[in-house]
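**Q** Using the working numbering, the final residue of the sequence shown is 269, and nothing's skipped along the way.
Among the clues, some could well be false.
Calculated pairs, SDA-like style, for lysine to any residue (alpha carbon to alpha carbon, straight line, at most 25 Å) [claimed, not checked]:
#	residue 1	residue 2
1	Lys-225	Ser-169
2	Lys-47	Pro-232
3	Lys-121	Cys-191
4	Lys-121	Glu-8
5	Lys-264	Ser-208
6	Lys-52	Ser-62
7	Lys-7	Leu-69
8	Lys-164	Glu-223
9	Lys-52	Asn-70
10	Lys-163	Gly-228
11	Lys-264	Glu-113
12	Lys-159	Thr-206
13	Lys-264	Phe-27
No wet-lab data here; the hints were simulated from the structure.
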Amino acid sequence: MNISNIKEIILFEHHFWLQILGDHSRFLLNSLSTKEMPFIEQANRFKDLFDKLLMKSKQSLSEEEIVALNNHAYDAAMKIREFKLDILDRQITDKITISLPPTFINHMVNEVEEYIFILTKLIEGNVFNIDSIDLHLLWLPDGAGHASSIASSLDMTEKELIKKSNQYSKEFENLYLRTIEYNGYTRTGICNFPALDSLNNNADRTMSCFKEFLNELKKGIIEKKILGTLVPLVPDHMFREECYYLTKLSMVSNIQRPECDPTKPRVEN
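Required output: the full structure, derived from the provided sequences and hints.
**A** Here it is as structure tokens:
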């Protein structure tokens with residue numbers, strides 16, 4: 001993937017995020033109790049909306065059409081953010097039945113807020129790169145959550161995979177704790193230093209291994225060789241997010257661009 005101009009940057013962000021939000025809609029849809037019909041209907045509408053916006057973003061668009069897409073995507077992202085927060089609000093006060101844990105939904109809110117932030121800058125006409133510390137603060141706890149979610153969704157007979165997942169979760173949490181401290185160091189006015197370069201490399205190395213683990217997991221689920229409640233879309237979705245994280249990190253640090261495409265079409269369950 002070669003991002004060389006503002007139009008390519010805008011479309012890259014849309015192709016990634018609109019598909020991610022379509023995935024989120026599917027996860028919510030599949031996890032809501034059948035008695036939560038109003039929420040199921042809303043999740044279905046969001047699924048259709050983000051699928052349509054994604055299809056629109058892949059057409060040949062004029063500058064005016066891209067401006068319109070930016071605004072439509074912003075409105076849709078704001079609405080699904082409110083929807084997720086409504087679910088989270090009801091979940092922590094025991095007013096909704098849903099099988100996803102609160103932190104999983106909270107991380108989905110974090111992600112849509114990142115897209116909203118990016119869209120706000122693009123609508124203002126600003127092209128920028130988020131620095132490595134901000135990328136780590138978003139995606140390392142997300143990766144830890146992914147690994148923990150996998151461990152809890154595997155059948156108890158999958159001891160080795162559960163052990164691997166829990167180990168990845170611990171490694172991401174440790175990297176996240178380093179990031180929090182390093183973020184404090186930037187109050188000195190120094191935003192690049194050798195220990196941060198080391199953190200970038202460690203995050204790249206660990207996340208790259210986790211990506212391969214996700215690919216193997218997806219393959220095993222598709223072939224019915226791995227037991228549990230995971231569907232193929234889950235590791236596929238996680239892989240695209242980790243790929244995006246490393247792609248963005250390569251733009252602002254000394255790590256190499258990963259050999260993957262965060263905008264590749266989702267696997268259908």
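**Q** Are the hints correct? Go through all of them and say.
**A** So, going through the hints one by one against the coordinates:
1. Lys-225 with Ser-169: Roughly 23 Å separates the two Cα atoms, so the pair holds.
2. Lys-47 with Pro-232: Answer holds: Lys-47 to Pro-232 is near 18 Å, not above 25 Å.
3. Lys-121 with Cys-191: Distance ~22 Å between Lys-121 and Cys-191 Cα, so the pair holds.
4. Lys-121 with Glu-8: holds, 15 Å
5. Lys-264 with Ser-208: holds, 17 Å
6. Lys-52 with Ser-62: Between Lys-52 and Ser-62 the Cα gap is close to 18 Å, so the pair holds against 25 Å.
7. Lys-7 with Leu-69: Status holds; Cα separation ~12 Å.
8. Lys-164 with Glu-223: holds, 20 Å
9. Lys-52 with Asn-70: holds, 14 Å
10. Lys-163 with Gly-228: holds, 15 Å
11. Lys-264 with Glu-113: holds, 22 Å
12. Lys-159 with Thr-206: Holds - the C-alpha atoms of Thr-206 and Lys-159 are around 21 Å apart, at most 25 Å.
13. Lys-264 with Phe-27: Satisfied, since the Cα-Cα distance of roughly 18 Å is no more than 25 Å.
Violated hints: none; the structure is consistent with every hint.
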